[in-house]
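Enquirer: The listed protein sequences correspond, in order, to chains A and B. Taking the UniProt record's numbering, the leading residue of the first sequence gets 1, the next gets one more, and so forth. Taking the UniProt record's numbering, the leading residue of the second sequence gets 1, the next gets one more, and so forth.
Any given hint might turn out to be false.
Lysine to aspartate or glutamate pairs mimicking DMTMM-like chemistry, simulated, CA-CA at most 20 Å apart [unchecked claim]:
(1) K425(A) x E49(B)
(2) K126(B) x E218(B)
(3) K193(A) x E218(B)
(4) K161(B) x D275(A)
(5) K250(A) x D163(B)
(6) K193(A) x D79(B)
(7) K110(A) x E252(A)
(8) K88(B) x E197(A)
(9) K161(B) x E252(A)
(10) K144(A) x E49(B)
(11) K428(A) x E57(B)
(12) K236(A) x D163(B)
(13) K193(A) x D163(B)
(14) K428(A) x D48(B)
(15) K295(A) x E197(A)
(16) K88(B) x D188(A)
(17) K144(A) x D163(B)
To be clear about the criterion: a stretch of chain B counts as covered by chain A if any three or more of its residues have a C-beta under 8 Å from a C-beta of chain A, and this derived list gives those stretches [said to hold, decoys possible]:
(18) 32-39
(19) 163-175
(20) 234-242
(21) 252-262
(22) 265-279
Hints are computed from structural coordinates only; laboratory data are not their basis. In this text, a Cβ means the ideal position worked out from N, Cα and C, and glycines have one as well.
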Amino acid sequence: MFNERNSRKTLLITVLILLLSTLLFGCTNASNVSAPKGDQDNMLTMAWPRDVGEMNPHVYNPSQLFAQSMVYEPLVSYQDGGELKPHLAESWDISDDGKEYTFHLRQDVKFSDGTSFNAEIVKKNFDTILNNVELHSWLGFISKIDQTDVIDENTFKLTLTEPYYPTIQELAVVRPVRFLGEAGFPEDGDTSKGVVEPVGTGPWILEEHKVDEYAIYKRNENYWGELPKAEKIKVKIIPDAETRVLAFEKGELDLIYGEGVISLDAFKQLESTGDYETSISEPVATRQLVINSTKEQLSDERVRQALHYGFNKEVLVEGITSGYEEKADYILPTNLPYTKGNDAKVIDYDVEKAKSLLDEAGWTLPKGKAVREKDGQSLEVDLMYDSAESIQKTMAETLQAEWGAIGVKLNIVGVELTEQIQRFKDNKFDINFFSNYGAPYDPHTFLNIVLSEGFGFNEAISAYPNKAELLKQIAEVPKTTDEEKRQQLYSSILTSIQDQGAIIPISYVKKTAIYQKDVTNFTFPANRDEHPFTGISIEQ
Amino acid sequence: MGTYIFKRMISIIPVFLLATLLTTGMIHLSPVDPAEAYLAAAHIQPTDEILEQKRQEFGLDQPFINQYVSSIMKICQLDFGISYLSNKPVLDEVMTRIPATFQLALGSIVIAVLVSIPLGFLAGVKKNSLIDHFSRILSFLGASIPSFWLGYLLIFFFSVKLDLFPVEGIGTWQHLVLPSVTLALPLISIYTRLLRASVLDNLQQPYVLFARTRGINEITIMAKHVLRIAISPMITGLGMNLGKLLTGTIIVEAVFSWPGFGRYFIEAIFNRDIPVIQCYVLIAATLFIISNLLVDLIQMYIDPRISRKEGHRQ
């Protein structure tokens, strides 16, 4: 009896100690998080949904683009209107055959550890990237690189196997072509498995990082360019959008910016209080409907056009995005390079026209029925949308009603994002939502996926009578060294794709920013993936 | 008792085999290829070369049975593989996040126990009194308010309006209060009702009448006899909820930006990070088994009759 009672007591005490110690361990674990008040002067705090990731310039997920762009810099930077400006390269020469690119590097650039930025380190970075060429092959010029050479300390040459005009534009992307200092390379030189330390030339240096909690970047006092005004940037990781809003309202955050980082309702509500500043960017991408012309009902251009005429785009965009997105007339935003000469026909809401086009195509409305029919088959199509995206969902529901009114039965199918991409690629869709990549990837990346098989677009335009010609032109564009010819090709391709109705532009997607009143000079970067912290300042 | 614990631990094996089978099978049942999901999440345009390379890297080019056997072999060596997303060993990533989740779960258990024992007991002893009505309302709310909504409400009132606690994050005890309360409320609603019912039942038992006739002080009867026996079903409930609690932290962790295991798992689901999902399922299964075992042991302590029964069986 005594033993039994004793063992029960020991058991209980052990359990209690275990429970308490875990609790205490947890509490003391991170008690040093809150920084002393004095430290927070001139520090801008913002929220981001995901951890900033490993500060490695050469890898992708889970590293966040904006964070990589704070620490690492490109040779060329993408500016408003698609202008490509010198950055780490002061200038460049392109050979007449369009294959050799010679970069003259800036001489006053140092990495954050004090080492020099020169042609040797540029070559080392390129060679590391080329060791994993498959991983980076999505970026057109990478798989076309034939040779990398150091000409002298400040001159670097890139030789391609064939001319590829977007090379300069692609050098402005955030990953993988940005530069890590010598001290950051692991012993075997393979950065795809990790870096030793994040040594970059950028205006910011990672000072402190707690995975899933926060990251603090301090200003790089030896930065070669314009020194940022804020001393520190704190990125708090807050995965939930509503919590981000509440933290902002409480004043724990100075800034929330990005695409869809908070709901438009929340944005509108915060804006209406008048207590905060808000800002909306230029279009960063076009929200499109991709219509699969391999489907029998959708193979007739008149049906596709009827669908375009058959919904009130302006009201749809205004109503669903509260005016934060803009009605789109073209399949690519016109602030991208080569998109201005687009002669595509702008289509406005016209129900009668839509109905007559459908009648013309043989889809007539039998008496007493609500859905049009042709040869005993009814005009019924599916629209696939990302179930987690509220804008797509609401737009799908609205289109269902709008097209219902012209006799088209629209079934809306909500799927998870990864499944949406997969079905699109497998050509298992009637109509799908898509949005292009934006700057600095487009317009050439968009056309490239239209050209490539197995991405949905090539198949979607199958009913186009000039498909072969279009694909030939698309393949020709990047190899064209003549600027004027390139512009002509782009105009003709974009116009033809749009006019035949397999891609319907709906709205221009924009980024939103909301910030406290003491934050000034917030501007959106022209490059969709870059950080916006260069000119930003906080009033003391 | 040693043999009993050993037997219970052995029961983890079939659970483990089944869980591995399910998670490995998941890859084949899902319409989405993890390699594609990885590239989509990384905003990489999926070319055939990258896809092929990723599939090989993830071992997805192997037949199902090879994948299953190799999963089991690796897990036996506590190797849960490399996360598709971060390229780091899953176990290391999980271990750095588990303390935060445990802290949250324990915080809420402590609150749940501290509130529901007195409340449930008093509600039972003083049936239909004010406190009984209060416990009923609280239980009703706890059972019907979704955790994420309750979380937002608490943040709004106690953090934004009253400025008593931080909105999100981890670090000090203040950070722990709101998420623990959010997680504790549904538990409080269950335990309070459970204890109340059990107290009411025990008050009808002959031993209470007998104790009263022996002239034992009413407080002693209630505290030493009724409460001690009545609490038993509540402990069973607690045990059954312990595993659920650890998995239930998922939503609360997301709402309060708590850097725990649950949040890590959500990201893994969205990105089809199979090794992480597999590790999560196995750890959750093991926790369910261990928490149930823990409860049985505590019950043995509280009610020696159970341990004697076990003894006879052995």
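Enquirer: Next step is simple, just say for each hint if it's right about the structure.
Expert: Hint by hint, here is what the structure shows:
1. K425(A) x E49(B): Between K425(A) and E49(B) the Cα gap is close to 16 Å, so the pair holds against 20 Å.
2. K126(B) x E218(B): Distance ~13 Å between K126(B) and E218(B) Cα, so the pair holds.
3. K193(A) x E218(B): Judged against 20 Å, a Cα distance of about 70 Å means the pair is violated.
4. K161(B) x D275(A): Given pair K161(B), D275(A) holds - Cα atoms ~16 Å apart, limit 20 Å.
5. K250(A) x D163(B): holds, 8 Å
6. K193(A) x D79(B): holds, 18 Å
7. K110(A) x E252(A): Not OK: K110(A) and E252(A) at ~35 Å, beyond 20 Å, violated.
8. K88(B) x E197(A): The given pair, whose Cα atoms are some 16 Å apart, holds under the 20 Å limit.
9. K161(B) x E252(A): holds, 13 Å
10. K144(A) x E49(B): holds, 15 Å
11. K428(A) x E57(B): violated, 27 Å
12. K236(A) x D163(B): Since the Cα atoms of K236(A) and D163(B) sit roughly 19 Å apart, the hinted pair holds (cutoff 20 Å).
13. K193(A) x D163(B): This hinted pair is violated, its Cα atoms lying about 44 Å apart.
14. K428(A) x D48(B): Given that 20 Å is the threshold and the Cα spacing comes to 19 Å, the pair holds.
15. K295(A) x E197(A): violated, 52 Å
16. K88(B) x D188(A): holds, 18 Å
17. K144(A) x D163(B): The given pair, whose Cα atoms are some 58 Å apart, is violated under the 20 Å limit.
18. 32-39: With 5 residues closer than 8 Å to chain A, the stretch 32-39 of chain B meets the three-residue bar; holds.
19. 163-175: holds (count 9)
20. 234-242: violated (count 0)
21. 252-262: With 5 residues in contact (Cβ-Cβ under 8 Å with chain A), the coverage given for the stretch 252-262 of chain B holds.
22. 265-279: holds (count 5)
Checked against the numbered hints given earlier, the structure breaks hints 3, 7, 11, 13, 15, 17, 20 and satisfies all the rest.
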